[in-house]
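Taking the hints into account, I'd like the entire structure generated from these sequences.
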Amino acid sequence: MKLYTPDRLISYVVASDNGLAPNVTGDVCTLGVCKPLVRKAATIGHDWIIGMSIAPHESNNVIYVMQVEEKIPFSEYFNDSRFQCKKPDRDRKGDNFFQGTGDDLQIAFHNAAHYGKEEAIARDLKSPFTVAASTFWYFGANAPILPRSLQSTPVALPENRRGHRIIEDTKTIKTFARWLQQWPVGIHGPPRDI
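What the sequence shown shows, in this note's numbering, is residues 12 to 205, in sequence order.
I should point out that these hints are in silico values taken from the structure, not numbers from a laboratory.
Any given hint might turn out to be false.
[As the list claims (entries may be wrong)] Derived pair list, reagent style DSSO-like, types lysine-lysine, alpha-carbon separation capped at 27 Å:
id, residue 1, residue 2
1, K13, K182
2, K104, K82
3, K137, K104
4, K51, K182
The model shown is predicted, which means the values in this text are computed figures rather than measured ones.
Structure (structure tokens):
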């Protein structure tokens, strides 16, 4: 999908950046587990999702941004040939581990991140689809800090923030998009927490 200027930004805190959520394996950024309300709120062709860092890590640093290009049901995601590299193995975190359909979704791998964790599984299944984008900026451990012009906007998250924010202010969106596009699309660093 071609790069677009979003109508909305959805900003949230990435508590743990270990390669699972977001997952950038295979040059596609996916958010397939964790953050069910963010995945549910995301609209194809209209939104960018922003994952932010706060204390105890650097505050108001941008871990990643993805433009919402696809929302794929878990059952289709599991079988899609484009996303086989996102299945977990012993050397790789993977977010493609729910197999089945409808109410019969189950974790297919014993080494999956949420295997045996009923609370995490229930949370993931509240929004049983994956958000995917080939247009994304992933910074991870090299996360840049928001510029001063965005520090007092809703993009900047207060300490210990839970949940997410939806930003619809056109000026803030344009300022953020202009700032972000100083970097090319793609991966700019390893995961912060590995």
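Do the hints match the structure? See the list:
no. : hint         : verdict
1   : K13 to K182  : holds (22 Å)
2   : K104 to K82  : holds (20 Å)
3   : K137 to K104 : holds (21 Å)
4   : K51 to K182  : holds (25 Å)
Hint compliance for this structure: every hint is met.
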